[in-house]
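Student: What follows is each chain in one-letter form.
Number of protein chains: 2
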Amino acid sequence: MKRILILGGGFGGVYTAGRLEKLLSPDEASICLVNRENYFVYQPMLPEVISGSIGLTDVVSPIRRLCPRTQLIMREVENIDLQNRTVTVSPGFRPRRLELPYDYLVIALGGVTSFYGMPGMLEHSLPFRTLSDAIVLRNRIIHCLEEADVETDVELRRKLVTFVVSGGGFSGVEVIAEVNDFVRAVARHYPRIPREEIRCVLLHSRERILQEMDEGLALFAQKILAARGVELHLGDRLVAATSEKAILKSGAEILSKTIVSTVPSAMPPVLEKLDCAKEKGRLLVNEQLALQGHEGQVWAVGDCAFIKTVSGTQAPPTAQHATREAETVAANIHAEIRGGGRTAFAFEGLGKLGALGHNCAIAEVFGIKISGLPAWLLWRAIYLMKLPGLNTKIRVAADWLIALLLPPDLAQLSLARMSGFHEQHFTPGETVFHEGDLGDFVYVIQVGECDVLRTIDGQEQKLAELKAGDYFGEMAVLSDASRNATVRARTAMNVLLIPKRDFDKLKANVPAFGEVFSALARQRSGQ
Amino acid sequence: MKRILILGGGFGGVYTAGRLEKLLSPDEASICLVNRENYFVYQPMLPEVISGSIGLTDVVSPIRRLCPRTQLIMREVENIDLQNRTVTVSPGFRPRRLELPYDYLVIALGGVTSFYGMPGMLEHSLPFRTLSDAIVLRNRIIHCLEEADVETDVELRRKLVTFVVSGGGFSGVEVIAEVNDFVRAVARHYPRIPREEIRCVLLHSRERILQEMDEGLALFAQKILAARGVELHLGDRLVAATSEKAILKSGAEILSKTIVSTVPSAMPPVLEKLDCAKEKGRLLVNEQLALQGHEGQVWAVGDCAFIKTVSGTQAPPTAQHATREAETVAANIHAEIRGGGRTAFAFEGLGKLGALGHNCAIAEVFGIKISGLPAWLLWRAIYLMKLPGLNTKIRVAADWLIALLLPPDLAQLSLARMSGFHEQHFTPGETVFHEGDLGDFVYVIQVGECDVLRTIDGQEQKLAELKAGDYFGEMAVLSDASRNATVRARTAMNVLLIPKRDFDKLKANVPAFGEVFSALARQRSGQ
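Those protein sequences? They're chains A and B, same order as listed.
Numbering-wise (the working numbering), the first sequence opens with residue 1 and increments by one.
Numbering-wise (the working numbering), the second sequence opens with residue 1 and increments by one.
Just so you know, these hints were derived from the structure itself, not from any lab.
Please note that the accuracy of each hint is not assured.
Note that the list lumps identical chains together, so a pair holds whenever it fits in one copy or between two copies.
Unchecked claim - With a straight-line cut-off of 30 Å between C-alpha atoms, the simulated DSBU-like cross-links for lysine-lysine are:
hint	residue 1	residue 2
1	K369	K22
2	K462	K280
3	K223	K280
4	K507	K273
5	K500	K273
6	K273	K505
7	K2	K462
8	K369	K467
9	K500	K467
10	K278	K369
11	K507	K22
12	K352	K278
13	K467	K505
14	K467	K249
15	K223	K369
16	K22	K393
17	K352	K22
18	K505	K2
19	K467	K507
So that you can see chain A by itself, here it is in the shape it has in the complex (with noise of 0.2 Å):
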């Protein structure tokens, strides 16, 4: 019995097992899939998470459920040696790893969110890839208007309620139109918060969004954009972040606690160190989509693949694309178990759709452009039908009833306390501290200076410039007093933040931890 073994549990990872369901009978071969989730994520519908118009599970398919006959190990690839024919996945609740043998490996790891070289991205914006993201955004927003609605000062209350979204492409389009609505519709909630304060903001660095579609439906679509409240900034870019500013290209700043990016993707680590064929950045397969090298072994699909149809063009990381991947790696594997002759990967794309939040899309397809309400309706029946299985359908087309019916509800679901070490970046001239705020951090600097200054008689005085390996906030944290001092990034400036609760803990159990910083304590208050 020949063991087929998929990586990943998105459109191409979860149509191949769905296809091979078909295809082989349960004695020719067995299939494992192994992702890090237990569930299918419904990319299209995630915007949706962030308004709640969808409920949090609705977007997502249980993989056990669309893919019956498939052992789902829920695990994280960590290796694939391809010439033992092994994978290797984490650990679970015991500290030993996994290894699964192959005869056929579907590679489906997609991609993942890169900030290489734009400092502070990394740190301080967001990514929407998952659902995590989807939630962490909406509960990101939620708390910022809170705060914002308690805040007493107008400059931090104005960063609360801007939200940036970079990249105009369709994931930054449908996010931007989903914040917008939902930030609008639940403002009347929030009546300390004046209406012209908010703002949401769409970076894109060409002059027009959405570079897919026809000029006019994109030309549409910002009109509708901009009708409803959306400030667009076309032929710029993000190139920067800190904790309460999205930098640009042009030099220009937007001050914001709330900064999306939807534009890099990466390979993920673990296809980066394959010893294989790659073009721009990501899996060179063959028009079977076999990995050079590999051929009637291994193949690879979706976004992690670079793939060239039989016409020559590049086909895009779209569901509608990875479906059909999906279904072109599977009969070839059919083919290697049963005979017959290979298929070649031909789908040229039956359309493209962008939904602008509340009623309203724009979409190409068979090239008619249809635009507004009946796009939208478009939009959702095709959304609805492509979904997989009938318990989402039906999950899904309540929710959205519902939420046609019903406001947007604005519960924070907070579940990932926030808490361990973090980083930070800053511009020069940024404030880490004010003199008299709570000690809550002790902070080592990775990169870049920073000036320790005090207000005596109403000057700002220097007390002293720290650099790279110093220490400092330790004095507040230690005494649990408040910071008698300002520090200010005199360069661009990496920090590590060693949270209070983190920081007594370590001083109790290891002594010598604590002893370092007791220890500059006690010279910096002899000073």
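With chain A fixed as given, assemble chain B onto it according to the hints.
Tutor: Quick look at chain B alone, frame taken from chain A:
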């Protein structure tokens, strides 16, 4: 204008705010409510989140929508100053605390789960109070099933599919009923888990469950639970827990990775330190629900208050009592502002309802006893009627309808990336890690002693004994290798675990920290 401040957004707090909005005009008093979340949780339905028979957000209602005239402050209460009539709340985005002055204060902070004197419970058992708790439990169950389906070690697999709930009151009974229904309903998707290995265990210290209920109904409940596969362990109770087992008072042990405790309750720390009269660990109030010594100024309602009705019986911590307590307090605040007589709390309870899972419940209403399907229908009807807000009613009704038609969803929404330091408890003889395991944590012994063992020529040899304050596990983490020895607890032991990721980050940023462990590793490998 008078300032009314309400602490807590449960039944007590939200119903007080809602009632005051009706009784007072906006120019008479401002109403402000402080709560950690921006939503109200409908506690009686919380167990249904486990099986997903209602959506994650449908068991909650946004407080801003329930009490539109009340200012909501989404922060934690850090201090109550009764002398200066000021409440301090935690910082938001900016590290400064907020001080809230008041003329009238309502304390409705509920209880917290306390495991004082029960070793390992804090580290290894799951509480069941908040929406997060319910989602965490659901995710843990699904994670255990996913791992059990892959696991080949029979002993570990049995631990993974054993679910223990401690406490045979309403909460514990409803939780075990939901867990049992859910696990058995989704088990068919896990073909590699032998059905007979699945165990759902309810622990209760008395000789029968549901002490508050009529004996006949309680025995009926026991019969139903047993028939559906729940094991009842009566006359025994949980006294300690490790990551592998529940330890009972009788000395018996139940091997399990999932232990839920619904039993202990204590006052929130901010009330512990409050200088006022207390009774049985709760705030003592008079029959008008005012705090002793602060009559006409401070009131307490719900789980954090010790309340006697006019007939002398103690009010139980249920929703029906909390909402009536809220009405009494609102009336008394109204009397303070407008004048008039004070109201005493006189509610004696309408009845008791307990759900037993799938289409079955028990009820005592106005002295009439009902059980089975009629009680279940009554339970659903009453809860739906009592749900605050029409929107929530519609959403829950739709969910219930869908849940009757569709099988439960089994997507694991693992949002909280469990990170950072944490602690573990071990009983004598338990293994911390095995030779050959991955080096995933560095350990610090807080209490207790352990042996370091290595198998040489098939013989287990003791390499070292370690005690409180000692570190271990650093060698495999530093060298990115497998464990070269087994560590086993010799006495009961508490350890701090530093994850490899955090350890590496600390080592890179605080060289003195890394040096402690590097020196230790050099010394130990030199032996």
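Student: Work down the list of hints and note, for each, if the structure agrees.
Tutor: Structure-based check of all given hints:
For a Cα distance limit of 30 Å, the shortest separation of K369 from K22 qualifies neither inside one copy, at 36 Å, nor across copies, at 53 Å. For the identical chains of this complex, K462 and K280 are neighbours neither inside a copy (49 Å) nor across copies (55 Å), given an alpha-carbon limit of 30 Å. In this homomeric assembly, K223 and K280 never come within 30 Å of each other (Cα to Cα): the closest approach is 34 Å inside a single copy and 65 Å across copies. Taking identical chains as interchangeable, the C-alpha atoms of K507 and K273 lie at most 30 Å apart only when they sit on different chains, with a minimum of 26 Å there against 38 Å within one chain.
In the homo-oligomer, the alpha carbons of K500 and K273 lie at most 30 Å apart only across protomers (22 Å), although the nearest pairing inside one protomer, at 37 Å, exceeds that limit. In this assembly of identical chains, K273 and K505 lie within 30 Å of each other by CA distance solely across copies; the values are 23 Å between and 37 Å within a copy. Proximity of K2 to K462 under the C-alpha cut-off of 30 Å is found in neither arrangement, the shortest distances being 71 Å within a copy and 46 Å between copies. Taking the closest pair of Cα atoms, K369 and K467 never come within 30 Å of each other, the shortest separation being 58 Å inside a single copy and 74 Å across copies.
When the C-alpha separation of K500 and K467 is checked against a cutoff of 30 Å, the pair qualifies both within a copy, at 22 Å, and between copies, at 27 Å. Taking CA atoms no more than 30 Å apart as the test, K278 paired with K369 passes in neither setting, with 36 Å inside one copy and 72 Å between copies. With identical chains, the CA atoms of K507 and K22 are never at most 30 Å apart, being 59 Å at best within one copy and 52 Å at best between copies. Taking the shortest alpha-carbon separations for K352 and K278, only the intra-copy value of 28 Å comes in at or below 30 Å, while the best inter-copy value is 67 Å.
In this homomeric assembly, K467 and K505 come within 30 Å of each other (Cα to Cα) both inside a single copy, at 26 Å, and across copies, at 18 Å. Taking identical chains as interchangeable, the C-alpha atoms of K467 and K249 lie at most 30 Å apart only when both belong to the same chain, with a minimum of 27 Å there against 57 Å between chains. Taking the shortest Cα distances, K223 and K369 sit within 30 Å of each other inside one copy (16 Å), while across copies they are farther apart (64 Å). Taking the shortest Cα distances, K22 and K393 sit within 30 Å of each other inside one copy (21 Å), while across copies they are farther apart (42 Å).
In the homo-oligomer, the alpha carbons of K352 and K22 lie at most 30 Å apart inside one protomer (29 Å), although the nearest pairing across protomers, at 52 Å, exceeds that limit. Taking identical chains as interchangeable, the C-alpha atoms of K505 and K2 are never at most 30 Å apart, the minima being 52 Å within one chain and 43 Å between chains. Taking identical chains as interchangeable, the C-alpha atoms of K467 and K507 lie at most 30 Å apart whether they share a chain (24 Å) or sit on different chains (18 Å).
Checked against the numbered hints given earlier, the structure breaks hints 1, 2, 3, 7, 8, 10, 11 and 18 and satisfies all the rest.
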